[in-house]
Amino acid sequence: MINIDCYAYSNNLKTIHPAEKSLLAMSTMVVCLTSPTIITPLIILTFMTGGIIIKAGIPSRVFLNLMLVPLSFLFISVLTIAFSISTDPSGFWLAQTINGLTIGTRYPELVTAIHLFLKSLGAVSCLYFLALTTPITEIITILHKLKVPAIITELMVLIYRFIFVFMETATTIRRAQSSRLGYVSLKSSYRSLSRLFTALLGKVFVKSQELYNAMSARGYTGEINVLTKKYPVSHKNYLLIVGFELPLILLNLLGR
Amino acid sequence: MNLPKVILEAVDLKYAYPDGTSALRNVNLQVERGERLALLGSNGAGKSTLFMQFNGIYRPNSGCIKYQGQAISYTNKALIELRKKVGIVFQDPDSQLFSASVYQDISFGPLNLGLSDETVADRVKQALKDTETTDLEDKPTHLLSYGQKKRVSIAGVLAMEPEVIIFDEPTAGLDPRHALEFMHLLKKLSDSDKTIIISTHDVDLAYSFSDRVAIICSGEIIAHGEPGEIFMQPDLIKRADLALPWLIEMHYELVKKGWLSPSTPLPKTKEELLLTIPKKNQQSA
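Going line by line, the protein sequences match chains A and F. Oh and the first sequence: position 218 is 218 in the working numbering, straight run, nothing missing. Oh and the second sequence: position 258 is 258 in the working numbering, straight run, nothing missing.
Don't take each hint at face value.
To give an idea of the chain A side of the interface with chain F (calculated C-beta under 7 Å), a few residues [said to hold, decoys possible]: (1) G182; (2) S185; (3) K187; (4) E210; (5) S216; (6) L227.
Please keep in mind that the hints were generated in silico from the structure rather than gathered at the bench. Ideal Cβ positions, reconstructed from N, Cα and C, are used throughout, including at glycine.
Let's have the full structure, built from the sequences with the hints guiding it.
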C-alpha cells in the first residue's frame with residue numbers, strides 16, 4: 001500500500017491532469033464490467049498493463065506483485081463457479097465420477113467463470129492505473145469538484161495524512177517494545193500489542209487537539225479550504241480517451 | 001502613521017488548564033515592534049501556553065493580551081484579524097501539517113484570510129521560495145524529512161504574512177547545519193521588519209540571536225532585558241534551570257585569568273570572541 005502511494009507521486013504520468021487519468025480509469029472500468037464478451041476485458045487488461053508499465057514507468061515486478069493480490073481471491077471464487085458436484089453425470093464437459101458423484105465443469109459454466117475472471121482482473125487493472133499514477137490528494141480534489149460533500153472530502157484529507165503519522169508512531173512504539181523484549185513470547189506479544197493500541201489511542205486524542213490548535217492558529221473556522229495546483233488541460237488526451245472507449249463500447253454492443 | 005512601539009503585550013495574565021494545573025501565574029511581557037525576543041525557560045515552564053495566548057487559542061482566566069495597545073476580543077472576526085497579524089510555528093511539524101500535499105497545506109492559511117486564489121497562489125510561491133522548499137511542492141508531506149517538514153510548516157505561516165511570528169522551539173530536532181540555515185532564515189525575516197519571538201532552552205542560540213531575552217520560570221516571567229544584562233546574573237539563570245551561554249562563560253574566564261581587560265565588551269558571536277583574544281607577544285607588550 002505504501003509502495004502504491006510512493007509511485008503515485010513519482011511516476012512518469014504525474015504531470016497529466018488528474019481528471020483525465022480518473023476519466024480514463026473510471027470509464028474503462030465501466031466498459032470492462034459491462035462487457036458481454038471476453039475480448040473487451042482482454043484488450044483493457046493489455047492496455048492498462050502497457051499504460052502502467054510503459055507509460056507510467058512502474059517496474060513490471062511491482063505491478064505483477066500488485067496483480068497477484070486479488071488473484072488468489074479471484075481463483076477461489078472462480079473455481080466455485082466453474083466446478084460443480086452433482087449426482088447426474090450428464091452435461092459435464094470435463095468431469096470425474098466417483099461412487100456416483102460427479103465432480104467437474106460444464107462448458108457454459110467454464111465460459112462464465114473465465115469471463116468473470118477477466119472482467120474482474122481488467123477492472124482491477126483500471127483501479128491500479130489510477131492508484132499508481134494519481135496521488136490521493138488529487139483524487140480528493142476531483143471528488144470535491146464533483147460536489148461530493150465537504151465533510152467526506154475533508155475527512156479523507158485528514159485520514160490520509162494521519163495514516164502516515166500514526167503508522168510512524170506505531171512503528172516507533174513497536175520498536176521500543178521489541179528492544180525491551182516485548183514480543184519474545186506469545187503472551188508478551190499479546191500484552192505488548194494491547195499496550196501499543198492503548199498508547200496509540202491516547203496519542204490520537206493529543207494529536208487531534210494539537211492539530212485543531214495549529215489549524216485555529218492559521219484561521220481555521222470550520223471549513224478546510226485549500227488551493228490545488230493547476231495542471232495543463234490536454235484536449236488531445238480527452239480525444240484519445242473517447243477514441244479508446246468508443247470502439248470498446250461498440251465491441252460490447254456487437255457482442256451482445 | 002505613528003504605530004505604538006509595543007506591538008504585543010501580556011498583562012497580568014493568569015491561566016490554568018481545565019484539570020486545574022496552573023500554567024501561567026502572573027505574566028507581564030511586552031513585545032516591541034520589530035524586535036527579536038527570546039523566551040527562555042525549562043521544559044514545562046509555560047512557554048508554549050503563553051504563545052497560545054498570544055494568538056487567541058487559549059483564553060486567559062484573568063488578565064489580558066493586548067495587540068497594539070488594545071485588549072484582544074475573542075469574537076470569531078476579531079480572532080481572524082489577530083491570527084492574520086500573529087502567526088505561530090508549532091514545535092512538532094506533524095501536528096501542524098494537516099494535508100498530505102505541501103502546496104495545499106501552505107495555501108490553507110492565506111485562503112482563510114479571504115484572499116483571492118491568485119493572491120494566494122503568489123504567496124504560496126513566495127513562501128516556498130523564502131523557505132527554500134520550492135523543490136518539495138509536489139512531494140507528499142509524509143515522504144519529507146523532519147527538517148523539510150519544519151520548513152514547510154514555516155512556509156505555511158509565512159504565506160499569511162503576519163507581522164509577529166512566534167516560533168516554538170524552532171531548532172529542536174534539527175541537525176546543526178539545518179539549525180544554522182534556520183537561524184539565517186530568521187535573521188532574514190527579522191531584517192524585513194517582522195517581529196520575531198522564539199522560545200527555546202538553547203541559551204547559546206538565544207544569546208546570539210535575540211535583542212531581548214525574557215526568562216519564564218513556573219509560569220512567571222522572572223526577568224527580561226538585554227541578553228548581556230540577563231546573562232550577567234548567574235543566580236537567576238540557575239533558578240530557571242538554564243545555563244550560561246558558552247561565549248559568556250569563556251569571556252568571564254578570559255577576563256579572570258587576565259587575558260582580557262575587564263572593560264572588553266561581551267562578544268556576541270564566536271568570531272567576536274576570537275578577535276578579542278590577543279596574541280601572546282601582544283599581551284606582554
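Each hint, compared with the structure:
1. The beta carbon of G182 of chain A comes no nearer than 24 Å to any beta carbon in chain F, farther than 7 Å, and the hint placing it at the interface is violated.
2. Interface hint at S185 of chain A: violated, since its Cβ lies 33 Å from the closest Cβ of chain F, which is beyond the 7 Å cut-off.
3. Of the supplied interface hints, the one on K187 of chain A is violated, with its beta-carbon coming no nearer than about 33 Å to a beta-carbon of chain F, more than 7 Å.
4. With its C-beta approaching chain F no nearer than about 4 Å, E210 of chain A sits inside the 7 Å limit, and its interface hint holds.
5. For the restraint placing S216 of chain A at the interface with chain F, the shortest Cβ-Cβ distance is roughly 5 Å, inside the 7 Å limit, so the hint holds.
6. Below 7 Å, beta-carbon pairs count as interface contacts, and L227 of chain A has one with chain F at about 4 Å; its hint therefore holds.
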